[in-house]
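Chains A and B, in that order, give the protein sequences. Here my numbering is used: the first residue of the first sequence is 1, the next is one more, and so on. Here my numbering is used: the first residue of the second sequence is 275, the next is one more, and so on.
Calculated directly from the structure, the hints in this document are not laboratory data. The reader is advised that the hints may include incorrect statements.
[Stated by the list, open to error] Straight-line distance between alpha carbons at most 27 Å, and here's what the computed BS3-like set of lysine-lysine pairs gives:
no., chain 1, residue 1, chain 2, residue 2
1, B, K559, B, K412
2, B, K496, B, K412
3, A, K52, A, K253
4, B, K412, B, K358
5, A, K233, A, K253
6, B, K357, B, K514
7, B, K357, B, K377
8, A, K74, A, K233
9, B, K391, B, K377
10, A, K252, B, K414
11, B, K357, A, K253
12, B, K414, B, K353
13, A, K187, B, K414
14, B, K357, A, K252
15, B, K391, B, K496
16, B, K358, B, K514
17, A, K253, B, K412
18, B, K467, A, K253
19, B, K391, B, K414
20, A, K52, A, K138
21, B, K496, A, K138
22, B, K460, B, K414
23, A, K138, A, K217
24, B, K377, B, K358
25, B, K467, B, K496
26, B, K514, A, K252
27, A, K233, B, K391
From a predicted model like this one, the values you see are computed outputs, not experimental measurements.
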Amino acid sequence: MIGFRNVSFWYSEEFTSERPQEILNNITFSLREREFVVLLGKNGSGKSTLAKHCNGLLLPKRGEVLVDGMDTRKEEYLWEIRRKVGLVFQNPDNQLIATTVEEDVAFGPENLGLPPAEIRLRVEEALEIVGMRGYERKEPHTLSGGQKQKVAIAGVLAMHPDYLVLDEATSMLDPEGREELMQLLLKLKNTITVFHITHQVEEAVYADRVMVIGGGKIVAEGAPREVFSLGEKIVEWGLELPQVTETALLLKKMYPTHFAILPLRVEELVEELC
Amino acid sequence: MLIELRDVFFSYLSHTPFQVQALEGISLSIHRGESIGIVGRTGCGKSTLAQHLNGLLLPEAGQVLVNGIDTRTRGAASKDIRKKVGLVFQYPEDQFFEESVFKEIAFAPRNMGIEGKELEEKVQWAMEMVGLDFTGLKDKSPFELSGGQMRRVAIASILSMQPEVLVLDEPTAGLDPQGKRLILGKLQELREKHGLTLVIISHSMEDLARIVERIIIMDRGKIAFDGSIRQAFSQGDFIKQFGILPPVVSQVASLLRSRGFPVNPEVLTPAELAEEIRVKVMEKKERGSCWVEA
């Protein structure tokens with residue numbers, strides 16, 4: 001479990017006397033085992049700052065973050081925390097460092113000091129999971145954005161992590177790449193915890209749980225259906241509703257007896273109507 | 275006709291073993307006042323095409339004509355083309371370098387020799403066009419602004435040249451839904467009130483559905499489809515082969531049709547879809563004529 005307890009964070013501004021603005025303001029939540037959680041929030045809401053707290057890239061100014069009981073502020077846990085919690089960022093071009101795909105995926109396990117045979121096994125396994133077998137000798141720059149993100153995820157999986165945190169990892173991909181990545185995340189959630197940070201509401205439809213962050217606080221949390229039934233509130237937080245839900249809410253105004261269960265997906269809306 | 279491409283070919287790293295054919299025989303016409311979306315997979319040639327529209331890239335074979343002038347013409351005419359067709363790159367804020375919003379937006383008109391009162395008017399006009407407060411923001415560093423504001427400064431810096439055509443490469447990338455709505459709304463206004471022609475490259479079909487009427491689907495350097503966006507999105511299976519997923523509303527409409535409801539497959543927004551469902555599904559049901567699966 002990753003537990004945030006009353007976490008506050010602000011970027012220190014040494015040269016001003018103004019009280020710095022709290023980017024995270026007393027945030028408490030947990031990520032449980034094999035859970036698929038989506039965090040939604042508009043630009044500047046503190047999403048990325050929160051993501052970087054999950055593996056100790058940033059440390060809370062107040063409160064604590066515990067990864068399977070290990071405090072991220074304790075240096076002796078740092079290596080273990082970084083192995084357990086893998087981060088994938090927005091820009092696929094900034095994350096791949098080696099000259100071939102397999103070398104890139106092997107980078108993490110090599111740093112763990114694993115024997116070569118084990119490293120080879122892990123690289124194969126990780127590329128298999130993300131569907132990139134056959135690309136071992138390719139140069140990363142020849143891949144599409146979606147493929148690069150999959151390789152970045154493989155690099156994390158090769159560390160055998162328990163948590164995968166994705167900070168707007170789909171935002172630079174084309175529709176196909178985005179769809180493929182979402183399918184991969186759904187597959188992964190059967191084995192590890194997936195924490196996906198985005199402002200694409202359509203991606204939140206598939207989550208076990210959705211959290212909305214606004215002004216440094218968690219302003220809504222629950223199953224996707226619960227959260228999106230907040231309707232107008234979602235728009236006020238700078239987000240939007242999934243198109244199916246927006247359509248259903250428009251119809252509900254005209255036919256109040258319909259849509260007792262708010263549809264989120266295409267099939268759900270069609271079933272309700274047929 | 276504003277811009278015309280005649281059988282345009284272009285490749286990167288030509289005359290090397292690594293040659294990549296980016297455009298392969300592209301022909302198309304862009305008319306005044308149109309709004310056009312260009313879509314396709316990463317690497318399909320969208321951005322290369324966009325950079326041909328103002329002569330930033332020149333065709334290896336074929337011709338690009340802007341108001342009848344070939345983009346390969348040298349001298350004053352080519353300068354004029356750059357003024358007429360403004361290009362806003364992907365993540366344009368990465369290219370900011372001035373210390374204030376005013377200077378950033380004034381850069382291009384200044385290069386054109388405009389100074390003083392006229393310059394100030396142009397900058398103010400451009401900022402107003404994208405909904406940025408002139409007095410409140412002109413002296414701020416562009417780097418202090420939010421992502422959505424920075425994007426609008428970048429668009430204003432191109433608008434300050436008063437182009438006739440605005441070509442935007444992923445104008446909403448990385449923005450949250452609120453930021454997106456604002457930018458798309460402003461672009462819409464520019465077209466409707468000021469007659470600007472829009473060419474927008476995007477991966478977001480939902481965004482395009484809000485703002486463009488015509489869509490060009492590119493596939494491996496060629497045009498796979500050029501026509502109405504409503505028509506394109508109503509043909510889900512056809513456009514999928516080019517990596518395009520129709521917006522969710524189009525998917526609902528097509529599934530309802532397969533169940534025998536005669537809803538219009540060309541709906542683009544939740545409001546349009548809800549209205550179609552009201553008329554074609556709910557009212558029929560109320561009259562008691564239940565539909566059986568087709």
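Verification of the hints:
no.	hint	in the structure
1	K559(B) with K412(B)	violated, 58 Å
2	K496(B) with K412(B)	violated, 43 Å
3	K52(A) with K253(A)	violated, 41 Å
4	K412(B) with K358(B)	holds, 25 Å
5	K233(A) with K253(A)	holds, 16 Å
6	K357(B) with K514(B)	violated, 37 Å
7	K357(B) with K377(B)	holds, 18 Å
8	K74(A) with K233(A)	violated, 39 Å
9	K391(B) with K377(B)	holds, 14 Å
10	K252(A) with K414(B)	violated, 46 Å
11	K357(B) with K253(A)	violated, 49 Å
12	K414(B) with K353(B)	violated, 30 Å
13	K187(A) with K414(B)	violated, 46 Å
14	K357(B) with K252(A)	violated, 50 Å
15	K391(B) with K496(B)	violated, 46 Å
16	K358(B) with K514(B)	violated, 35 Å
17	K253(A) with K412(B)	violated, 44 Å
18	K467(B) with K253(A)	violated, 33 Å
19	K391(B) with K414(B)	holds, 20 Å
20	K52(A) with K138(A)	violated, 30 Å
21	K496(B) with K138(A)	holds, 26 Å
22	K460(B) with K414(B)	holds, 22 Å
23	K138(A) with K217(A)	violated, 43 Å
24	K377(B) with K358(B)	holds, 21 Å
25	K467(B) with K496(B)	violated, 33 Å
26	K514(B) with K252(A)	violated, 31 Å
27	K233(A) with K391(B)	violated, 44 Å
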